[in-house]
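K.L.:
Here is what each chain is made of, one letter per residue.
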Amino acid sequence: MIHVKDLTKSYTDLRRGRFVALDGVTFDAFEGEIFGLLGPNGAGKTTALRILSTILRPTSGSASVNGYDVVTQSSAVRHQIGFVSTNTGVYDRMTAWEMVEYFGRLYGIERELLRERMDQLFARLKMQEFRDVLGAKLSTGMKQKVSIARALVHDPPVLIFDEPTTGLDVLVSRALLQTIAQLRENGKCIIFSTHIMREVEKLCDRVAIMNHGRILTAGKLDQLRSQHGEEDLEELFFRLIAPADDDGEPLEPTGHAAGAPGADTLVAPRPDLPDVDPAPSAARGGAES
Amino acid sequence: MSWTNVKLVFFREVRDQLRDRRTLFMIFVLPVVLYPLLGLSFFQFAQFIHKHTIKALVLGAEGLPATPALIEDGHFAAAWFTEPDEPRLVELTLPEASPSDDGEAQAADSIPRSLEEAKRQVRAGTYDVLIYFPPDFSDRLVQSRAQIAGEAAKEGAPAPARAPPDLLAIPSPEVYYNSALEKSQLGYLRVLDVLVHWRAGVGRTNLEAGGLPPQAAEPFRVAKHDVADPGRGQSAVWAKVFPFLLLIWAMTGAFYPAIDLCAGEKERGTLETLLSSPAARVEIVGGKLCTVMLFSATTVLLNLLSMGITGMFVLSQLQHIGPPPLLAIVWLLIALIPISALFSALCLALAAFARSTKEGQYYLMPLLLITMPLVVIAILPGVELNLGNSLIPVTGVVLLLRTVLEGNYWQALPFVPPVVGVTLVGCLLAIRWAVDQFNTETVLFRESERLDLGLWLRNLLRDRDDTPSVSEAVFCGVLILVIWFFMSFALPAPTSFAEFAELALVTQLVVIATPALLMTVMLTRSPRKTLLLNRPAVLAVPAALLLATLLHPVVAALQLAVTRLYPVDSRIVEMLSGIFTERHPLWQLVLVFAVAPAIAEELAFRGFILSGFRRSGHKWRAIVLSSIFFGMTHGIFQQSLVAILLGIVIGYIAVQSGSILPGMLFHLVHNALRISLLHLSPEDLSRHPSLGWLVQSASGEGISYHPAVVVAGALGAAAILYWFHRQPYERTAEEILQDAIRHNSAAAAAA
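Those sequence lines, one after another, are chains A and B. Quick note on numbering: the numbering used here labels position 83 of the first sequence as 70, and the sequence is numbered without any gaps. Quick note on numbering: the numbering used here labels position 93 of the second sequence as 596, and the sequence is numbered without any gaps.
Derived from the structure by calculation, the hints contain no laboratory data. Here a beta-carbon is modelled for each residue, glycine too, at the ideal position from N, C-alpha and C. A portion of the hints provided could be inaccurate.
[Stated by the list, open to error] Straight line, CA to CA, 30 Å or less: simulated BS3-like cross-link-like pairs of lysine-lysine:
#	chain 1	residue 1	chain 2	residue 2
1	B	861	A	124
2	A	130	B	510
3	B	861	A	130
4	B	558	B	743
5	A	124	B	686
6	B	558	B	622
[As the list claims (entries may be wrong)] Here are some chain B residues the structure puts well away from chain A; computed CB gaps all over 12 Å:
#	residue
7	514
8	575
9	686
10	715
11	947
[Said to hold, decoys possible] Listed next, the stretches of chain A that the computed footprint assigns to chain B, with coverage defined by at least 3 CB atoms under 8 Å from CB atoms of chain B:
#	stretch
12	30 to 42
13	49 to 61
14	88 to 95
From just these sequences and the hints, can you work out the full model?
P.N.:
Shown next, in the form of C-alpha cells:
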C-alpha cells in the first residue's frame, strides 16, 4: 500500500543552515493495519505525512501510495488518500454539509452516490445536528469530524491522520480513535501520527518511533518490548529519544503544542544533528512483516 | 485539466465571497453609496472654489487717469473683466497717501507704503498680488495722450507724409506675486488679465485723442465655432476619463478578492486541505481566477452604473459635458473582459505569494506603481494609437479603447489583433506565474523568519549549492541593471570614439562580468557547472560559428523592421553619429564591440544567470528569462528587443551543448559581422563588386542584405538549430523531475 524509501527532506533555514527535517526514512504500511508514527514535536512526522499526501516534495528518496509515485503521479495519489491533520482546516463560510459535498464533487463522485454516502457518513460520525452550521461556528471537535468526513467521502484505500487528536477533549478523541479502529476493520491502510504513547498502544498494529527526522526503531509493539527489554512502552519511548537529546546542549522549549503531554520536556530539532546514530541497526529498519 | 473541477472551485469561491460581509460592502454597497456622496460633496466644494477672492495691494494708483478708469470706488472697474461676477473676486487695498521716499512713514494700520515692505508682505502671503505703478507712470500716461492729441491737431503735411510721432517712453507697471503660493499665482493671472484689458482701453482712448476710431487698434474679431458632432465632442471627454477609471476599478475589484482567496486561505489554514484534494493546482488557480474576474468585472459594472446615475444628475447642472454616448458604454463593456482577466491573473499571482492578507495588501502599491505609468502614457495628449503603442501591455488596451470611444472605429480596427494578442499573452504569463506560485512549497509554506542580515549572508556563503538558485540569478540580473543604470548617470555622456569605447569596455568588465564572476565564486560550489566551463562536442563549435553567420542577415532584417516600427529617438542617432564621425580600424571595433561582450555577457547571462534559472526545472523558461535580462542591458529599447531574441538562440545553444564556448563564439561572430556591415560604405561596395550578390545599398537606411540572402540564412539557421535540438543535453536534477511529472501527467491524461 505505502512504500517509503530513504525519504529525505531538507529546508534552508537561516539560523540552522541546511536543516534536515526528514533524514533517510524508510517504512512500509499495508492494508488492514494501522501504522503509527510516534515522536516528539519536530521529529519529522508531519513532514513525512505531507510528502505522502503530495503537499510537499521530498528532497531525495521515494514514496509511493498504492503503486503511484507521490512526486510524478501526485494527482493519482490524491485520489487514493484521505488526509486529516491539524493544518487541514475547515472553510469558515461553508456549512459542514457543503464542505463535505464540495470535496466529494472534486473527487468526481456521482451526485446520487455522493448523497447516499454523505447521509451514511453524517449518521455514522453523528454529525446530523450540525450539518447546516457554518464552519466558523463549529467547535474544534465538530470541525475535526467534518475533516474526517471530508477525508472519507471518496472511500479511499489509504487514510493519513496527522495528530488528529490535538486539541480535542477526552470524549471526542476517544470517539475519534474508535472511528479509526473501525476503518481498519474495513480494510483501510491507515497511517496515524501522534506524540501520545497511549494512543499508539490502543490503536496501532505497528509503530515507528521517530526523532530528529530519523526512525529510531520500528516494529510490532510486542517486538519492540522484547527487543528493547522494556515492558512499559512510555519508558521505552523516553529511553529511545533521550540519548539523542542528552548530549550537553541546552534545551530549547518548543513553543507550540504546549499542554500536550510530554511536550514540555521534549525538544525541537537542534542546529547540528548528532553524528552518532542512537540506534543504527533499527533506525533504517523497515517493516519486518 | 478538468473543467468540472474549475467550475466547482469557482462556484465555491463565489459563494464564499458572497457570504463575506467585507467583500459585499466593497463590491456592492460602496459603489452605490460612493458616487451620490461624491456628487454631493462636489456641489458643496464647488461653492468654495468660486468664492476665492484675491487680495491685491495697489501702490502708486493715486494719479491714474480718470478715463479710462482702472479703479472705481476701490475696485477694478467692471469693464476690464470678461465675466460679470469677477470684480467681486479681486479685493483691492489702496494706501491713502503715496509712499514717501524714505520708506519710513507708515500709517497706523499695517498697510505697507514702501515697495520693499509691500514685497515682503506678498512673500509672506498677507497679500496675494502687489501692483506697483512707478512714480511717473501716471504723468507720462497723461503726457503721451496729450502728445498724441497735439500731433493730430497739427496742420500741414498730408497724413502719409507725416512722420510717426516720437512718443514718450512710459515706465512699466510692476506686478509682484509669489509662485510658491497657488492663490498668489491665480491672483497674478487675474490681475494680469485686468491690466491687459485696461491697456487696450487706454490704447483706444489714445486713438480717439489722436482723432482715429478705436476700431483701428482692433480692426476685426476672431469668431470660433466647434464643428464636432455634439455626441463626438462629449465622447472625447469620456474617452479620456473612462479608460482610466476602468483600470482602477478593474484592479481594485480584482485585488481584494484575490487576497482573500489566496493569502486568506493560507491564513485560515484551509490551503492544505485544498492541496491534498484531487483538484490539480491549475484547476484551483483556474477556479479562483474566474472568481476574481467575476468580482473585478462586477466592480467595474456597478461603479459605472452608480456613477452613471449620479452623473446624470450632476451633469445636467454642467452645460458643457453631456452624458456618455451609449455606444461608448458598449465598447467599455467589451474591453472589460481582457482587462479584468489580466488584472485578475496578476493579482492572483501576487496574492498567492503573500503569506497573509496583511502582507498581500502591501502589494497593491507596487502593482499600482507599475500600472499607472502605462495608463498615463495612453491618456497623455498627443499620444496616438500605432503599432508600437498597441504592443505595450495595458497602454495598448487603453489607447484602443480611447480611439474607439472617440468614434474612430476604422482607425482602431487594424490594432485590435495586436492589442488582443499582447493582452492574451500577458494573461497567460500571469496565469502561469500564479500556477507556479501554487506549485512552490517555499511560497505556500513560507514562515516569517526574523530578518537578520548577518545570518542571511552567512547562510548564503555556508550553504552553497553547485549552481546558483533562481533568486540568486534574479538578484545578479537586477544588480547588473542597477549598477549599469547608476553608472550611465555618473559617467559623462561620451563625445568621442575613445570615450565611447572606454565606456563600452568598462560596462562589459565592471558592470556585467565582475558581479557575475564574484557571485559565482561566493555563492556557488562549482564554477565549472555554473559558468558551463565544459568542453563542447567537437561539432558544436563549427555549428555555432555557422549559425551566427547564417542568422546574421535575419537578425539585421529584424533590427531594421523593429527600427521602422519604433523609430530611434533622433537625439540618440545624433549622439551616435557624433561619435562615429571618422572611420576606425576594424580590429579596434571588433575588440571593443565583439570580443569583450562575447566574453563578459556570456559569462553573466549564459553562465551565472541561466544556470540559476535552470534550477526552476524549466529549460525554456530559464532561457527566456535570462534573455530578458540580457536584452535589458542593451539600453536602447529597439536593440533590446532584438537582443532578447538573440539571447534565446544563444541560451539554447548553451543548454544543448552544455558549454559556454559555442555561445561565446556565436556572440563574437554575430557582433563582428554587425560591425563589419556598419563599417561597410557604398564606396567599398563599388570597389568590390563581388559583394553585390550579398548586400545592397538602400538610400537612407545604409547597407542591408538582399532579401534572398535573408531567406536563405533563415533556412540554414533552422537546419542548424534542428541539429542542436538533436543533441543530447545534460539536464539538471530539477529538469529531470519536471520532465518526469510532465511525462506521467501526459500518460494519465492519455489513459
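K.L.:
Please verify the coverage claim for the stretch 30 to 42 of chain A: does it have three or more residues whose C-beta sits within 8 Å of some C-beta in chain B?
P.N.:
holds (count 4)
K.L.:
Against chain A, does residue 686/B keep a CB gap of more than 12 Å to every residue?
P.N.:
holds (53 Å)
K.L.:
Between residue 861/B and residue 124/A, is the straight-line Cα distance small enough, at 30 Å or below?
P.N.:
Between residue 861/B and residue 124/A the Cα gap is close to 24 Å, so the pair holds against 30 Å.
K.L.:
Are all beta-carbon distances from residue 514/B to chain A longer than 12 Å?
P.N.:
violated (9 Å)
K.L.:
Between residue 130/A and residue 510/B, is the straight-line Cα distance small enough, at 30 Å or below?
P.N.:
The given pair, whose Cα atoms are some 25 Å apart, holds under the 30 Å limit.
K.L.:
Under the criterion that the straight-line Cα-Cα distance not exceed 30 Å, is the pair residue 558/B, residue 622/B satisfied?
P.N.:
With a Cα-Cα distance of about 14 Å, the restraint between residue 558/B and residue 622/B holds, given a limit of 30 Å.
K.L.:
According to a criterion of three or more residues whose C-beta lies within less than 8 Å of a C-beta of chain B, is the stretch 49 to 61 of chain A covered?
P.N.:
holds (count 5)
K.L.:
Decide if the proposed pair is consistent with the structure: residue 124/A and residue 686/B, CA atoms, cutoff 30 Å inclusive.
P.N.:
violated (59 Å)
K.L.:
Check the non-interface label on residue 947/B: least C-beta distance to chain A beyond 12 Å or not.
P.N.:
The claim is violated: residue 947/B sits with its nearest Cβ about 8 Å from chain A, within 12 Å.
K.L.:
Below or equal to 30 Å on CA atoms is what counts here, so check residue 861/B against residue 130/A.
P.N.:
holds (26 Å)
K.L.:
Given the proposed pairing of residue 558/B with residue 743/B, does the C-alpha separation stay at or below 30 Å?
P.N.:
With Cα atoms ~36 Å apart, residue 558/B and residue 743/B exceed 30 Å; violated.
K.L.:
Are all beta-carbon distances from residue 575/B to chain A longer than 12 Å?
P.N.:
holds (73 Å)
When each numbered hint is compared with the structure, violations occur for hints 4, 5, 7 and 11.
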